[in-house]
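J.: Read in order, the letters of the sequence shown correspond to residues 1 to 1214 in full-length UniProt numbering.
Because the hints were derived from the structure by calculation, they are not lab data. Zero decoy hints are in this set.
Keeping only pairs whose Cα atoms sit at most 20 Å apart, straight-line, the calculated SDA-like set for lysine to any residue is:
#1 LYS291 with ILE325
#2 LYS772 with GLN324
#3 LYS970 with SER905
#4 LYS402 with PRO634
#5 LYS388 with ARG413
#6 LYS628 with PHE385
#7 LYS548 with SER602
#8 LYS664 with LEU344
#9 LYS291 with ARG347
#10 LYS562 with ARG436
#11 LYS291 with ASN262
#12 LYS648 with GLU638
#13 LYS381 with LEU344
#14 LYS816 with ASN315
#15 LYS261 with ASP389
#16 LYS877 with LEU1199
#17 LYS915 with VAL609
#18 LYS124 with ASP186
#19 LYS331 with MET857
#20 LYS286 with SER243
#21 LYS286 with ARG336
#22 LYS1208 with ARG1140
#23 LYS291 with ARG329
#24 LYS124 with ASP137
#25 LYS1068 with LEU1078
#26 LYS231 with LEU314
#27 LYS141 with PHE115
#28 LYS220 with LEU173
#29 LYS664 with LYS778
#30 LYS548 with PHE564
#31 LYS950 with PRO1012
#32 LYS1068 with PRO1012
#33 LYS932 with SER720
#34 LYS331 with ARG308
#35 LYS664 with ARG1038
#36 LYS816 with ASN332
#37 LYS816 with ILE303
#38 LYS575 with LEU499
#39 LYS548 with MET558
#40 LYS648 with VAL609
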Amino acid sequence: MEYDRKRRRSKEAKKHSSSPEYVSSHSRHSHNERKHRHYDDHDRRYSNHSPRSRNLDERERDQRPSSSRLYYERKSPSSRDAYQLSKYQDSQQRHSRKKSPTRNEDQIDLSEFSFLDHRRELTKIFSSDSSVTSDVDDLWKFVAKYEALQKKKSEPILSTNLEGSDEVNELGLPLVFNKHNLTSIDLSSSNRELSARLPPYDPDLGSDQLSMVHIVEFRKIYRLYLGFKQKENFQKLQKLRESQANLPVAQHRDEIVQAVKNEQVVIIAGDTGCGKSTQVPQYLMKAGFSKIACTQPRRIACISLSKRVAFETLNEYASEVGYQIRFERRKNQHTRILFITEGLLLRQMSSDNSLSSYDVLVLDEVHERHLHGDFLLGVVKCLLFQRKDLKLVLMSATINIKLFSDYFGDTARVIQVPGRLHPIKLNYFPLSVEDRASKTERFNAMPYIRILQLIDSKYPSDERGDLLIFLSGMSEIQAVVDAAKEYNLKKKTWIVLSLHSTLSLAEQDKVFDYAPEGVRKCIVSTNIAETSITIDGIRFVADSGKVKEMSYDAVSKMQRLKEFWISKASAEQRKGRAGRTGPGVCYRLYSEEEYQALEKYSTPELQRVPLDSLLLQMVSMGLPDSRKFPFIEPPAMENIENSILSLKQQGALTTCEKLTSMGKMLARLPVDIPLGKMLIMGSLFHQAQPVLSLAAALSVQTPFTNRAYRDPECENARKSLESDHGDPITLLNAFREWLEEKNHSRGTDRSGTRVWCRRRGLEEQRFYEMTKLRTQFKDLLQDCGLLKDLEQPNDKMTSSERAVRHGELKLLRSMKREFQNAAPRKRTLLKADPFDIGGEGEEDNKGVDIKDVEFRMRNDSNQVQNLLTGTSACSYKDLTMLKVILCSGLYPQFAIADEFNYCKSSSEQLFHTQKKPYVALHPMSVFGNNSKILQLEDSEIVHIEGVKSKQPFSSRHQLMSYMTLLETTKPYLVNTMRMPAAQTLLLFCQDLHTNYNCSRIVCDSWLQLNFPLALAAETLMLKVAHIHFLWESLLKLRLEEKETVLLERDLTEQIILFMRSDVVYSIKRLLAADLKVLYVGQGYNEEPIAPNPFQADFEAHPNCSLGGMQVSPRITYNCLLEISSDVKEIDENPTWQCDRCNLAVPNTTIARLQHRQECEKGNTKGDDPQSSEENISHSPRKPNSKAFECAECGRTFFLTPVEILKHKKQHASG
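Given these sequences and hints, build the entire structure.
T.: So, in structure tokens, the structure goes:
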């Protein structure tokens, strides 16, 4: 229909354009434009000269008498433009009269015209103006409402000046009211500049195309819109200032400012909702303090508070208010208020011990007693004695005033600020015996369903008010969500939402949206909704009184996530969520007596987490004895001693508790010590790129959400990402596949990776965090000198590629500005979907994906390809070295399978660590669903005649290395990876104890390896001692920044061959009873050993506690008691003949090893591991060959299975 209307107009225009009148009119118009074109530049310079002239209609001024025209010319030179416009309008009116004689001369009444039909052209014309609004959609909504109002009032959309509206008084003000003159804001471009952007005249379109009249009229509407938005913003600002003045903390503003000026420490105990977090930094900035640091325990709080304070101080587009978190920062030299996480502020103290860049420290939420928060308190307390000019402000809602005031002494000033909560009705509903003891093991959700029933029956559905339920964990949340959805199938009055940290960000944001009329939200949450976020509209709170917190067992090195009763302070925080926006109701599902029995405050995190990284950071900052550090509530001395011992075992501290070279580098890496060691070892073996990716993947929260394991489609889609090597390699695969999707989607569909992640149940935010963290790790390694500076990304670009990249960056920057200038995410209306079949993540495809924009700004196509290459471990050598490097950081976090796992299902598989027996695989791990990979097959078990053993002999025994030992419902191994057992234990265990012929080796006094061939065991021990020596030499030379290329290559080859050794053995876990009869004891088997065959530069000496001889820092020889099952010497002859030099030596283990060492020195290409491996590595290998350790030859060969049998047959026949 619209097309037909335009076609008819086009035909009429063609007929009209051929008439002499039209040609004459058009010619006069063109001549008039050419005649006055030389005035354009002059008019542009003065178009905005007078504010008053901008408020008057330009056409009106030209219609004044000559005297008035001169007046306007003196006041506003832009009146010439008005004169030209008047002539142009006269031409249009004459043309209109000729075309339509019945049309009124003073009015162009195009009833069918609408600016909405020309949205694209007008947006393009007006978008070049600097004062144009960033929200184009909002502008056109205003235009639509304006046109609707004009039609309702029967007024035309386009009109010329009304009669008499051009008369002005002596001051130049119009005598007739015109709403367009009320606006005090205008566009910077003149009408002629805007009309110059019109497309060329097309006679086929006729009157359907835009002209100068349309531009002038739309400019009026635009001015009305700008004026409307200006008034709206001023009203918002006025409302904001009123709300700030009504905050309870505003009544104490002068008191707070004077206290900070006069005292060094100020404690502000402000109840929830008093406004302390946003207002106190503003008070201090206005009082003259220019360098203010505000710490927050969470990154999300830093960002949200900085945005809010910037908004309230009108600094949204300035830099006086900024933030700095782990992955990004928004600050410069002009920043006066900086919101920063506690951990980052501590990191800054490593380089600036006095924190000279700040004059006020505001520590917010100190009542939460986080690890870094308590450490920061102690550091600042020491700093206050050095800097008398430094001011400290402590803020909290439920602070223990006596504890903190006593901690800082008489220097602390306490200011208490009341809150602004609405009245809250408190109800206690203690659980009955039936409710506590559910018939099934699953959490009983019926008490919470009864609360929903109570609300439905007592409060009308048209009364607004949502329900927030606090539970302890995800299993409890899922049980209540399922029961509430089933209840809602009948009522259809609830929208049930869950809220916890493992949900995707899009699912978490749903709790902030609106519910439809007559429907309430039921939000089932962990304690994340207690302090971290505030949800508007909450009227009812149901408190279970429980929380799951992490505790740490320093002995077994296990973290426990257990359910505890909350503190009274937490109970009050939860209750306060019901009174933020109006009167509320709190239902406590426990008795008042149980409430009175609660602890007043929560247990500090310092007393329930590992302290290794914290103590290392303390030593790196130059602090004295960590045992004497002034913690506000010090941890148990046993935990400190265990952490110091662990740091010594990791090589970070010397025996005198000073930093080693390894410790200095570990202290500079903001990660856990295992990951830090991984990064350092990766740089040693030239595996830095994949190790950087793996360390970044293990440092962030797992990208796999619950949907990845519960949704069958997601489960099938992510199968290709799983690796049978373990969870760390699976994470690396997921990161690599995501990078491939990023690389393929450049220039095409930018939402491709979001769709890819959603199909597999992955949270894409985690991959962006991995990329940022990987870059951070790389920079830190370069600063430490462990990684050479790489070429800049633009170094190898051609001129055309640089031009393309420049254009891409320009577009990306504009998209980022568009996102930053856009309004914040608007709360949307939730859909009442009782069956929960609504599409997920549909809103993700709308708008600018700022994470993708930032990623592409930092990484061009070449850099993405480099990331992709650095995340891949293609060859067997790279994968093996990657796993070895990972184990070097994870030691001693090893576990072995229970001997009866072969007859158990996947969910019943058990494993044993050194300190914690009978632990299970995490159900969401790779091996938790595929445990058969870890079990020996019948074909892999070797039966040896004459050797009896309860444990099977095989060369395929495996052990598990793990990142975390976590106890929830039961102990679980988290992030596990499988490794060959004997090779890994011999390579990484700190203490290796052997019997007289090395056929029995005890690793760290908890695992025993039995070898049926003593010569094979001797060869392994000799090789592992040599590898240990080369490894220590490589680390020492690398830390001294010396050349290590040849040594690193030699060591890498030896490790690869060692890990592929095909040696038959059995493995046994030693119990406490076994250890009592294991060692010979002091004074036994202490015969001197010289020369030392295990390490030539180490002087063998007796082991004072176990007996035997200490032949290297890790190996104690002949300290095990002889037992009947020990393998005897193969040859009973008193002499042994060397197969290399045919020299006969005494047939003892030490004599054989000593001769082999001498033989290796005399033969440059003898049987030493290095030369033999070089010969093997340069010889051609068959595809199905594998490493074979020959006990008779004492060599390593790469042979096929058939060749191995032939080789063994030669020894048997000889």
